[in-house]
Amino acid sequence: MKKSAKALKPKLRTVKLSELVLMWQGKVRILVNEEVGPSCFRMALEAPQVASEARAGQFLHVRVAAGYSPLLRRPFSVHRISGKLKVESLKLQNIEILYEVVGKGTKTLAEKQVGEELDILGPLGNGFNLPGGLETAILIAGGIGVAPLLALAEEIVQSSKPKVQSRKVDVIIGAKTKKLVLCEEGFKELGCQVRVATEDGSVGYSGTAVDLFKESLSTFNFGVPTEWVASTVYACGPEIMLKKIAEMTYERDIPAQLSLEGRLGCGVGACLGCAIKVKNSKGKGEGDFSYKRICKDGPVFEANEVVWD
Amino acid sequence: MKKSAKALKPKLRTVKLSELVLMWQGKVRILVNEEVGPSCFRMALEAPQVASEARAGQFLHVRVAAGYSPLLRRPFSVHRISGKLKVESLKLQNIEILYEVVGKGTKTLAEKQVGEELDILGPLGNGFNLPGGLETAILIAGGIGVAPLLALAEEIVQSSKPKVQSRKVDVIIGAKTKKLVLCEEGFKELGCQVRVATEDGSVGYSGTAVDLFKESLSTFNFGVPTEWVASTVYACGPEIMLKKIAEMTYERDIPAQLSLEGRLGCGVGACLGCAIKVKNSKGKGEGDFSYKRICKDGPVFEANEVVWD
Amino acid sequence: MGLKVNLSVKVAGIVMRNPVIVAAGTFGYGEEYESFLNLNQLGAMVTKGITLQPRKGNPPPRIVETDCGLLNSIGLENVGLEVFIKEKLPFLQRFATPIIVNICGEKEEEYVQISERLDEVEAVSGLEVNVSCPNVEKGGMAFGREAGAVRRLVSKVRKATKLPLIVKLSPNVTDITAIAHAAEDGGADAVSLINTLLGMAIDIERRKPGLANITGGLSGPAIKPVALRMVWEVASVVELPVIGMGGIMTPEDAVQFLLAGATAVAVGTANFVNPRAALEIAQGIEEYLVKNKIPDVNRLREYGVKWKKQN
Amino acid sequence: MGLKVNLSVKVAGIVMRNPVIVAAGTFGYGEEYESFLNLNQLGAMVTKGITLQPRKGNPPPRIVETDCGLLNSIGLENVGLEVFIKEKLPFLQRFATPIIVNICGEKEEEYVQISERLDEVEAVSGLEVNVSCPNVEKGGMAFGREAGAVRRLVSKVRKATKLPLIVKLSPNVTDITAIAHAAEDGGADAVSLINTLLGMAIDIERRKPGLANITGGLSGPAIKPVALRMVWEVASVVELPVIGMGGIMTPEDAVQFLLAGATAVAVGTANFVNPRAALEIAQGIEEYLVKNKIPDVNRLREYGVKWKKQN
Ligand SMILES: Cc1cc2nc3c(=O)[nH]c(=O)nc-3n(C[C@H](O)[C@H](O)[C@H](O)COP(=O)(O)OP(=O)(O)OC[C@H]3O[C@@H](n4cnc5c(N)ncnc54)[C@H](O)[C@@H]3O)c2cc1C
Ligand SMILES: Cc1cc2nc3c(=O)[nH]c(=O)nc-3n(C[C@H](O)[C@H](O)[C@H](O)COP(=O)(O)OP(=O)(O)OC[C@H]3O[C@@H](n4cnc5c(N)ncnc54)[C@H](O)[C@@H]3O)c2cc1C
Ligand SMILES: Cc1cc2nc3c(=O)[nH]c(=O)nc-3n(C[C@H](O)[C@H](O)[C@H](O)COP(=O)(O)O)c2cc1C
Ligand SMILES: Cc1cc2nc3c(=O)[nH]c(=O)nc-3n(C[C@H](O)[C@H](O)[C@H](O)COP(=O)(O)O)c2cc1C
Ligand code: FES
Ligand code: FES
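Chains as they are written, first to last, in this note's numbering: chain A, 1 to 309; chain B, 310 to 618; chain C, 619 to 929; chain D, 930 to 1240.
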C-alpha cells in the first residue's frame, strides 16, 4: 500500500496562492455576533475587500480593542465566505469567523455589538491546497477546529461544480460533548457526509475524532488502497490530535494538510515570532530541521513536514 | 473693614467630618448616564452605603475599567444625593456625579450603559464646612466646577430648614459659552439666587465668574462690611480661577473654601502622590510651607492656607 | 475546598500567615486602609520609608499614570523616625500582623542610627533596608547600584541591630545578582525586589516633564516581566529567601513570582486600584493550590530554580 | 494646514524625509509590509539583525504578550549576510528610503567582517551596531553592558567601514550614559536606544516559563517611561544624535521622545498592531508641529536638554 500511494500522491504547494492576492487592512462592520454553542461565537463581518480574496485556510488578524489590552491582534480562520450574489462579476460581501472564548481577547470580541467596527488585517497566510485530481476530501475537526474546515468544504463543493467530476467530502467532527458539536448542519447542507464523535458519547461515536478516523479507515471505504491516490486528509484541532493524525497518515502514506495554531505577533511574516519546526527537505537526520513561520508559510502545513516536540 | 471682619470670622475645621464616617468599596449599579451639555455627563448610581454618608465636597474614587486601561481610579465630586424618602429613618439611595470628558478615563465612563456596574470607593476626603453662624453662602463655579457646589447648595438649604434662620445662597456660574452653563435650573429649584457669566457673552454677564464676582462685590449687597461676618465663599473651578478668588478674598478678609483638583493615586491618603503646598500655621516666611494631601486633608481647603506656584 | 493547604511562610525568621505583604510606600502607615480590610489578614505590613528626620518630599506633580504603569516621585515624604515611633506605630501594633519598617538614609550613619533605635522597639518585626532611595552618601542612586556600597552598608546595619534584615534591591542595575550577593555577604536575612524602574513622562502640551522632579519610579503591571526575571535570576543564585514584587495585581501574578522562586510577594500599586487587593491575592493563591493539589505554598518556589538557560 | 513645517532630519549623516524609522526586527526585510504602505514614505528602514552566517533562532514559543508589552526571544533568526545581500537587499533598494542594516556578531571579528563587506554595498546607507544581542564573545549580554567592551568594538568597526555608524544600546545597564559615552569615544556617529528590557513570563498552568528560552526582551508601551528617561539622560550628555525608541505607538508618544532630545524615533512593536503605524506617526508629528506653530521638527529636541534635575 505504501509504495503505490506514494508514487501517485499529487504534489502539493506548486502554487503559493497567498502571494498572488492582496492583503488589506481597515475597519469593517460587524453584522452578526451570536453564541452558537457554549462559549462559541459566530461573527459575520461586512468586508468585501477581504471576502473576495480570501481562501479556506487563510486567516484574519483582528484588533479586538483600540487600546493596549490586549496589545496584539488575534488570528481567526476564515470560517465562511458569504453574501455571494449569483451574478458572476459581483464580489463576495461578507466574511465569517467562528471563535471560542478562551481569554481576554476573545472575551472582548464576544462583547462586541452588531454595528460596531472592527479593525482587521487579511486575508493572511496560505490556504489549503486542492490537488488537481482530488476526489475525496476527508475533513477532521476537533472542537473549534471546524472553523477553517467549513470554508474548505464550501470551496471544494463550489470548485467541483462546473466541469470537474463531483468531489466527495467526508467530515468527522469531534467534540467533548454534544453541545460542543459545531457546524454539523452547515456541512450537511453542502452535501458532505458527516460523522460525529464525542468524548463523553453524548452523541454519535463515543471517542475522539482521531479514534473515529482510525476506525473509519478500516470499516469505511477510505481504506481501499487505490482510492488514496485522490484522497487528502485536512485537519484542524488541538495539537495532540494533529500530531496523531500526522502519525497515522504518515504510516499509511495518506497526504494530509493541517491547519496549525501558535502564538502570533505580526501575522505577516515580519517578526519571526511564530516559528514552527519543520524537517529540512534535503535533510535526513532527526536534528536536521529549520523553522517556518506559521503566519506566512502556514498556517496550513503538510502533515509530514512538521516536527513534533 | 478688614479688622472687624477678622475678629468675627468663624473658625473653620473644628470638626473633621470625614473621620467620623465610614468609607466603602464595592460595585454599584448605574441608573443614569446622560449627556447634559457638550461633553458633560450626569451619572446616577444606586449606592445607599455611600449616599447616606456622603457630604458635599467629598468625592468618589471610581474604577472606570476592569483592566489596566486606565490603571488608576478617577475622582469625581459628590454632585447630588438623591432618592431621599420623606420617612426620617430611611437612608438616601442614590449618588450622582457630574463629569466632563477630558481623557481616556472619562471617555470610558461616558460609554457605560445604564444597568452596568461600577466599582467605587467613597465617600472620600473632607467636605465643605458650614460654620455655625453662616448666613450667606456665595458659591462660585467655573465650568465643571459646579459639580460639588450643587451638593453644597442642597446641604445648606436642607440644614437651614428646621430651626436655624434661613440661609441665603448666592450662586455665580461661569462658563465659556451658553451651552456649557450647567445646573442653573438645579440651583434655582433650591431657591438660590443665580447669576451667570459667559466668556463669550452668549448669556448673562460677559466675562469670567471671577469678573462677575468682583463686580458683585461692589454693586450687590455682598459688599456691606458687617455682612461678611456670616458669609463664606465656596468655589470650585480651574486653578487660575481659584487662585484669583483666593487673592480677592484674602485682601478683603472674606472666608473662602476651595475645592481643589490634582492628580490622585490612592485617594485615601496612603501614597502621598497628591501633594499640595500649604502655609505652615506657625510659619512666617514665604519658604515656610509643608505639603498636604488633596485626597485626605482636602479636597476642600481654606483659600488662605494654599500656596500658589 | 477539599484540600487543606498551608499558606504560611517564614522570611528572614519572620513568620507570616500567608505570603502576601503590602509594599513600602503603597499602604501609608496602615491606618489609611483600615476601613477597607482586616489588617490582621495580611502576611506582613511594610511601612512607608522612614528617615531619621521628617522629610517634606518633592514638589507636585508627584505622580503620572503611564500605560499599565504609574510613575512616582514622592521623594520619601515621611514623618521621621521619632514621630513614627510615637504616633504611627501604636496603631499598627494593635494588629497581629508582623510590622516591617522600610528605612532609608542619606548617609550610612543614618541607616545605622535608625536601626539601632528600632532595635529597642518591640513592635517592630524586621527592617527593610531601602538601598535604592535618592540622595544618599555615595552620589544618589549609585549607592544601591554598586555592589561594594551595598555590602558595606548592610554589614554596618547588621552590627547595629538584631532585627531581621531584608535588603530591598534596585532594578536599575546591570546585574542584580551581584547586588543580591553583596547583600548576602553583608549579612542580610532576605532580599526584596524590585523597587521601581527609573522612568519619565513628558507633557507634550506644556512641553515639560510630567513630574516636577523630571524622573520617577515606574511601578505597576508594566514592570512585571522585568521584576519576574530579576526575582528568578536572584532566587536561582542566592541562598536567601526572596520577597518578589513589581506589578502584582492578581493571584495569578503572585503565583508567577512564587514559581520564579520568591518565598513571599509584596503588593504595591494594586492597593491603589483595589484596597482589598492583598487579601484577594492571598485567597486566590490558596485557591490555586487547592485546584492544583499542591499542599504547601512553599512548594511553588521549587519550580523556578530548576529552569536553566541554554545560552 | 496653514503652516508648512519641516519634518526632515539628519542622523549620522543620513538624511531622512521625516524622523520616523521602522525598528530592527519588527519590519522583517521590508517586503512583508509592502502591501500595507508605501515604503517610500518612511524616514528610514532598519533591517532585522544580520549575522555573518544564517541563524536558525530559538525554539518556540518565542513570543508572549504581557500587560501593555510583548516579550520576544527570536534569537536573531536571519538569512545571514550573503543571502541578505543577494536576496533581500534588491527589494529594499527599489525604494528611495535610506536602508540601515542592523548587524550583530558572536565575536568582535564578525562585526568587523560584516561591516567590511557591507561597506562595498552601495544600497546600504548606514549600519546599526547591535551591542545587546545574546551570545557574544565577552560572555553574552555583558558585552553591550560594559563600557570598555563597547568602546573597543565600536572603534574596530569604525576602522572597517566608512558607513555611518549607529550604536544600539542595551537598557539593561546601571548607567546608560556611560555606555553612550563609550560608543561616542569609539567613533559612533549616532546612538539608538532602547533595545528591549530583559523580562520573563511564567505559565502558571504548566508551571513553566512562557518562552522556551526562559527570558526574553520586553518591548511595547510598557517600557516607554524607561525608554524616555534613558533617551533624555543620553541626549543630555552626549554630542551625538539620538534615535529614540521603546513603546512608541502614537504621534504623541513620538513627540515625547523628540522633546526628550531624540533627533529621530523608531517604531517597533506598533508595526505588529498597525502596519501603517510609522506613517501615521509621521503625519501626526506634522500635525502637532502645525498646531503648535513650530516650523521645524528639529526644534523639539531643544526642550529636553534644558531640564535639569534638582537632586
Ligand atoms: C492561524 C490561526 C487561526 C486561528 N483560528 C481560530 C479560529 O478560527 N477560531 C478560534 O476560536 N481560534 C482560532 N485561533 C486561536 C485564537 O487565535 C486564540 O484562541 C486567541 O488568539 C486567544 O486569544 P485570547 O486573548 O482570548 O486568549 P489569551 O488570553 O491570549 O490566551 C488564553 C490562553 O490560551 C493560550 N493561547 C492563546 N493563544 C494561543 C495560541 N495561539 N496557541 C497556544 N496557546 C495560546 C494562552 O497562553 C492562554 O493560556 C487561531 C490561531 C491561529 C494561529
Ligand atoms: C477631588 C477631585 C474631584 C473631582 N471632581 C470632578 C468632577 O466632579 N467632575 C469632573 O468632571 N472632574 C472632576 N475631577 C477631575 C477628574 O478627576 C479628571 O478630569 C479625570 O480624572 C480625568 O480622567 P481622564 O482619564 O478622562 O483624563 P486623563 O487622560 O487622565 O487626563 C486628561 C488630561 O487632563 C490632565 N489631568 C487629568 N487629571 C488631572 C488632574 N486631576 N489635575 C490636572 N490635570 C489632570 C492630564 O494630564 C491630561 O492632560 C476631580 C478631581 C479631583 C482630584
Ligand atoms: C507611591 C509609591 C511610593 C513608594 N514608596 C516606597 C518607599 O518609601 N520605600 C520603598 O522601598 N519602596 C517604595 N515604593 C516601591 C514599592 O514598594 C514597590 O517596590 C514598587 O512599587 C513595585 O511594586 P508594584 O508594582 O506592586 O507597585 C513606592 C512605590 C509607590 C508606587
Ligand atoms: C520581535 C522583535 C524582534 C527584534 N529584533 C531586533 C533585532 O534583530 N535587532 C535589534 O537591534 N533590535 C531588535 N528588536 C528591538 C527593537 O528594534 C526595539 O529596539 C524594541 O522593540 C523597542 O521598541 P518598541 O517598543 O517600539 O518595539 C526586536 C524587537 C522585537 C519586538
Ligand atoms: S507572527 Fe510575525 S512572523 Fe508570524
Ligand atoms: S492620592 Fe494617595 S495620598 Fe492622596
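Hints in this document: simulated from the structure, not taken from any laboratory.
Treat the hints loosely; a few may be bogus.
EDC-like, lysine to aspartate or glutamate: derived pairs with alpha carbons at most 16 Å apart [claimed, not checked]:
id, chain 1, residue 1, chain 2, residue 2
1, C, Lys909, D, Glu1231
2, D, Lys1137, C, Glu920
3, C, Lys826, D, Glu1039
4, D, Lys1222, C, Glu870
5, C, Lys674, B, Asp597
6, A, Lys104, C, Glu870
7, D, Lys1220, C, Glu823
8, D, Lys1088, D, Asp1132
9, D, Lys985, A, Asp288
10, C, Lys826, D, Glu1134
11, C, Lys924, D, Asp1132
Just so it is clear, the structure is predicted and the values come from calculations on it, not from any experiment.
Self-check item: Hints breached by this structure
Solution: As far as the earlier hints go, 1, 3, 4, 8, 10 are violated by this structure, in ascending order.
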